[in-house]
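Got chain A sorted already, so can you dock chain B onto it with the hints?
There are 2 protein chains.
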Amino acid sequence: MVLSGIWKRPENSKDPPPDLRISHAKDLEPDAVQDLCASVGWSRREPLLVSKALNNSVAVVSVWDKDVMVGFARATGDMVFNATIWDVVVRPSYQRCGVGLLVMRELLTELDSFDIPLVTLYADPGTDGFYKRFGFCTDPSGVRGMFREKL
Amino acid sequence: MVLSGIWKRPENSKDPPPDLRISHAKDLEPDAVQDLCASVGWSRREPLLVSKALNNSVAVVSVWDKDVMVGFARATGDMVFNATIWDVVVRPSYQRCGVGLLVMRELLTELDSFDIPLVTLYADPGTDGFYKRFGFCTDPSGVRGMFREKL
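Top line first, the protein sequences correspond to chains A and B.
For the first sequence, my numbering begins at 29 and goes up steadily by one.
For the second sequence, my numbering begins at 29 and goes up steadily by one.
Each hint can be trusted.
SDA-like mimics (lysine to any residue), calculated; alpha carbons at most 20 Å apart, straight line:
#, chain 1, residue 1, chain 2, residue 2
1, B, Lys54, B, Asp93
2, A, Lys54, B, Phe109
3, A, Lys178, B, Lys160
4, A, Lys80, B, Met107
Note that these hints are calculated values from the structure, not bench results.
Extracted from the complex, chain A is given alone in its bound form (with noise of 0.2 Å):
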């Protein structure tokens, strides 16, 4: 695993910040990541099959509180033009106090440096507030998300 930096405090932070590690690490443990989906309800999925879409993904960013993974998220994209921020996951226990901000500071600064003009994401409800903060406004110019999930 790959560490590229020391987690610093962010300035408003209440709380006291853990010894965090910060990796941009394709090459994660597959139970490691669903470890932390399933930390927020999400499904598990097949083993190989995480380790291919971190493979395949152009910037994967990791948050370690020693052994155990505590923030996620990846981008996909063509590392030109596009990327597209999915996943982005805090263990409940670390939420509120700035691993989310972490995660999506590390991860853009990544994309931002092939000068990939366009980010995007599909942002829950009641998240949009939080990814305003790194720039991101919702539905420019009238441009509708949409999802087709096969049956």
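Chain B in isolation, oriented as in the chain A frame:
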């Protein structure tokens, strides 16, 4: 260029079917893509970046009338859990005769062949009715598309 099929006239088409060919090749000439995009008013991009973006897409469909590209779409994604469709475009003189349907069907068939459960896109105003024909729905469960353009 790999040609995967010959266009069949849609049942409800009122226009004579041109002799169209379908390609799933990624190694398209950037000028051909740019020429099509310029026909609908999109700005030109650096050819090397266009090639890189095509190569990094998970699926690319183009439709040709002889040596003229008349329809195009591509998708990015992780090849496992999700894909996002971009740049759906039909040359104006070929609009309203089934080329858009053809492009979308070819692209979705390719994505479905990978068993990707979720396909998303961002629909320009007034185009959501077109995408609903393929099973896309807008803002399911209140999920909203968000965009961040790099300054």
